[in-house]
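Visitor: Here the protein sequences line up with chains A and B, keeping their order.
Read in order, the letters of the first sequence correspond to residues 1 to 331 in the UniProt record's numbering.
Read in order, the letters of the second sequence correspond to residues 1 to 371 in the UniProt record's numbering.
No lab work stands behind these hints, which were simulated from the structure alone.
Nothing here was measured: the structure is a model prediction, and the numbers come from that model.
Nothing false has been slipped in among the hints.
Derived lysine-lysine pairs resembling DSS-like cross-links, with alpha carbons at most 27 angstroms apart:
| no. | chain 1 | residue 1 | chain 2 | residue 2 |
| --- | --- | --- | --- | --- |
| 1 | A | Lys76 | B | Lys207 |
| 2 | A | Lys221 | A | Lys200 |
| 3 | A | Lys229 | B | Lys357 |
| 4 | A | Lys330 | B | Lys357 |
| 5 | B | Lys22 | B | Lys306 |
| 6 | B | Lys207 | A | Lys49 |
| 7 | B | Lys241 | B | Lys25 |
| 8 | A | Lys221 | B | Lys357 |
| 9 | A | Lys24 | B | Lys207 |
| 10 | A | Lys229 | B | Lys367 |
| 11 | B | Lys154 | B | Lys88 |
| 12 | B | Lys154 | B | Lys4 |
| 13 | B | Lys367 | A | Lys221 |
| 14 | B | Lys210 | A | Lys49 |
| 15 | B | Lys13 | B | Lys184 |
| 16 | A | Lys49 | B | Lys273 |
| 17 | B | Lys88 | B | Lys4 |
These stretches of chain B come out as covered by chain A in the derived footprint (C-beta under 8 angstroms, 3 or more residues):
| no. | region |
| --- | --- |
| 18 | 132 to 142 |
| 19 | 200 to 212 |
Ideal Cβ positions, reconstructed from N, Cα and C, are used throughout, including at glycine.
So you can see what is in the structure, the chains are spelled out below.
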Amino acid sequence: MAGKVLNNVKAVSEALDVAMDKWKEVVVYGEDAGFEGGVFRATEGLQAKYGEERCFDAPISEAMFVGVALGMAMNKMKPVVEIQFEGLGWASLQNILGHMGRMRNRTRGKLPTPVVIRMPMGGGIRALELHSEAMEAIYAHTPGIKVVCPSTPYDTKGLILAAIESPDPVIVFEPTKLYRAFKQEVPDGFYTVPIGEAFKIQEGNDLTVVTYGAQTVDCQKAIEQLESKNPDITIELIDLRTLKPWDKKMVFESVKKTGRLLVVHEAIRSFSISSEIIASVNEECFEYLKAPLSRCTGYDIVIPFDSGEGYHQPNPTKILVKMEELLSYKF
Amino acid sequence: MKTKFINVFDPLKNERVEIMDKDGKIINPKLVPDIKDKDLIDAYKLMNLSRRQDDFQNKVQRQGRLLSFLSSTGQEASEVGYTLPLIKGKDWFASGYRNNAAWLTAGMPMRNIMLYWMGNEYGGKAPDGVNSLPPNIIIGSQYTQATGIAFAEKYNKTGGVAVTTTGDGGMSEGETYEAMNFAKLHELPVIFICENNKWAISTPYAKSTKSINIASKGIATGVPSVKVDGNDFLAVYAVAKEAVEFARTGNGPVFIECDTYRLGAHSSSDNPKIYRPEEEFQEALTRDPLIRLKNYLIEKGLWDQKKQDKLDKEQDEFIQKEFEWAEQNKEYPLEDIFDYIYAEKTPDLEEQYQEAKAFFQAHPEAKGGHH
Ligand SMILES: Cc1ncc(C[n+]2csc(CCOP(=O)(O)OP(=O)(O)O)c2C)c(N)n1
Numbered sequence: 001m002a003g004k005v006l007n008n009v010k011a012v013s014e015a016l017d018v019a020m021d022k023w024k025e026v027v028v029y030g031e032d033a034g035f036e037g038g039v040f041r042a043t044e045g046l047q048a049k050y051g052e053e054r055c056f057d058a059p060i061s062e063a064m065f066v067g068v069a070l071g072m073a074m075n076k077m078k079p080v081v082e083i084q085f086e087g088l089g090w091a092s093l094q095n096i097l098g099h100m101g102r103m104r105n106r107t108r109g110k111l112p113t114p115v116v117i118r119m120p121m122g123g124g125i126r127a128l129e130l131h132s133e134a135m136e137a138i139y140a141h142t143p144g145i146k147v148v149c150p151s152t153p154y155d156t157k158g159l160i161l162a163a164i165e166s167p168d169p170v171i172v173f174e175p176t177k178l179y180r181a182f183k184q185e186v187p188d189g190f191y192t193v194p195i196g197e198a199f200k201i202q203e204g205n206d207l208t209v210v211t212y213g214a215q216t217v218d219c220q221k222a223i224e225q226l227e228s229k230n231p232d233i234t235i236e237l238i239d240l241r242t243l244k245p246w247d248k249k250m251v252f253e254s255v256k257k258t259g260r261l262l263v264v265h266e267a268i269r270s271f272s273i274s275s276e277i278i279a280s281v282n283e284e285c286f287e288y289l290k291a292p293l294s295r296c297t298g299y300d301i302v303i304p305f306d307s308g309e310g311y312h313q314p315n316p317t318k319i320l321v322k323m324e325e326l327l328s329y330k331f
Numbered sequence: 001m002k003t004k005f006i007n008v009f010d011p012l013k014n015e016r017v018e019i020m021d022k023d024g025k026i027i028n029p030k031l032v033p034d035i036k037d038k039d040l041i042d043a044y045k046l047m048n049l050s051r052r053q054d055d056f057q058n059k060v061q062r063q064g065r066l067l068s069f070l071s072s073t074g075q076e077a078s079e080v081g082y083t084l085p086l087i088k089g090k091d092w093f094a095s096g097y098r099n100n101a102a103w104l105t106a107g108m109p110m111r112n113i114m115l116y117w118m119g120n121e122y123g124g125k126a127p128d129g130v131n132s133l134p135p136n137i138i139i140g141s142q143y144t145q146a147t148g149i150a151f152a153e154k155y156n157k158t159g160g161v162a163v164t165t166t167g168d169g170g171m172s173e174g175e176t177y178e179a180m181n182f183a184k185l186h187e188l189p190v191i192f193i194c195e196n197n198k199w200a201i202s203t204p205y206a207k208s209t210k211s212i213n214i215a216s217k218g219i220a221t222g223v224p225s226v227k228v229d230g231n232d233f234l235a236v237y238a239v240a241k242e243a244v245e246f247a248r249t250g251n252g253p254v255f256i257e258c259d260t261y262r263l264g265a266h267s268s269s270d271n272p273k274i275y276r277p278e279e280e281f282q283e284a285l286t287r288d289p290l291i292r293l294k295n296y297l298i299e300k301g302l303w304d305q306k307k308q309d310k311l312d313k314e315q316d317e318f319i320q321k322e323f324e325w326a327e328q329n330k331e332y333p334l335e336d337i338f339d340y341i342y343a344e345k346t347p348d349l350e351e352q353y354q355e356a357k358a359f360f361q362a363h364p365e366a367k368g369g370h371h
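Put together the whole structure using the sequences plus the hints.
Guide: Below, the structure is given as structure tokens:
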């Protein structure tokens, strides 16, 4: 298989390139997304290759971005919108929550809105206020919208292509911390990672850890430490990849095998992705459980600036302590 | 109220208020504002201070001692010009994020500004007697918030005026229009400023709007709108002063476009060389607001090189001290991320705080990330 070694941002560009080549109805826009290729350079080169009509700078008005994208999508196009940072896109919520998730239903299937919205998300990059938000639960909570959050270059390209191919609106969360964190070989050309399928990073028997985004890396570090201290223990690590619809089958099977579950994310704890997973696992796997279902998350606070961010975000030590707690739990 | 600028200069004809030329020579003597020599010198000092703070911050940012910041270099005449007419403790400033010179003028201590850019929330807290909102990252909302503040001033008959500002790019946010529309309906004492510095990160003015100028965007809402040379301190000050008086005496809002230029990078993580034509930048350098005002002061016999050298030295020492203080005070304890979420911690949050406290007591090294 021919491929290229790419980091996550380059995987985004590559996906968009493949999509623009494959489907003439794809247009890409956002603040600074045209000439400069966006503040993270995720759309770099696309304007030069496909022209200003298909990749352009949009004025700063996120409400317009998404409203316009809805109109395009209802009229046979496939817009891919970049919100510069998740925390800066809230003016678009009106159109995302109020229209994007509802249009198919309101028109009884006649006018679907297959928009793709990409948002850099999450913390750990010493950014300014409102540049570290992780509010994916709001979007996952909204009927009619699918939400993905890839953590590797392979998944980034495959999920973005799946999102563009999808007949439904998809929000793609791209963890900023991982944009340039590592590289991976990615196949050339078109391929997809199916929306709704999680990825098992490693097999294990004693505890299931479910996570996504930047915390996949933190979890791997924590698990390495734990397993090297305790050679008899093995941890199953699942990267959800899609937050809605999430891969219940893989998670339930895993928890039935291990009897223990830890969900890890940086997002605020209450009413979050972990709330949903834990509630569902509780309903489905109760008789298999050896310990309470548990989570390691951010707190219910305003995301702190840099001086306090280290307190808020999950880190390998926090995850390790949680895992040990669950492994030594006695009824 | 008899006005010299408001409803006199017509944005639809692209008229622009100018008092001095690019070398600081007065070209419009009739419009020169009535400002005491001492106040004029103080204004220049503030502009100089802000410029030197920007330069200093650029330096320490490259050393990794400041996270990031957005410099006001090139926009000092505008920022000092529109903030100076405000009465401290009575009037309000609802800022954007590129407002260093304006914050200093409004009375924000430099150490707070630095704390903010070091990633510490205390930087957003103005001292008593200073009605300045924290830097606003979400573009547009400062316009509606300032409008609400002005509503309350009118409602409570407290006589204050609110000033707010955004960039040329920011004028595409619907909220700016929505704010002006409401403010005019209720004839509120709010001054809307747009600092048109020609670039919104890499997006040039021409890719943000086809309007002949920004000031004309106020016309549809009925808000009197004026375009002014934003690198001409006397012009900005004169127009802002008139606008504040106009609003304070019950005539409703005013919209001012300051025609200026961003001389620095968008932020400390931006590289303008990628997108900005070099000739355009070189040309803009010839209109540096600091040099223009300095030339004017020298011409008036109020300034000379000796005074400048002394001022630079004093200001550099002051900047250094403020920075050292901020650097020594930028860390805060765990409690501080929980204490200000609600007036009183909810039971849930108290539980999470106790959990976090126990964890960090057992694992003090685990305050993750970069520390
Ligand atoms: C609602 C919102 N969207 C996007 C951003 C990201 N952003 C920060 S500054 C900027 C450009 C603003 O340009 P302009 O309004 O011209 O002001 P300038 O920075 O040039 O002073 C953008 C898009 C933001 N802060 N807020």
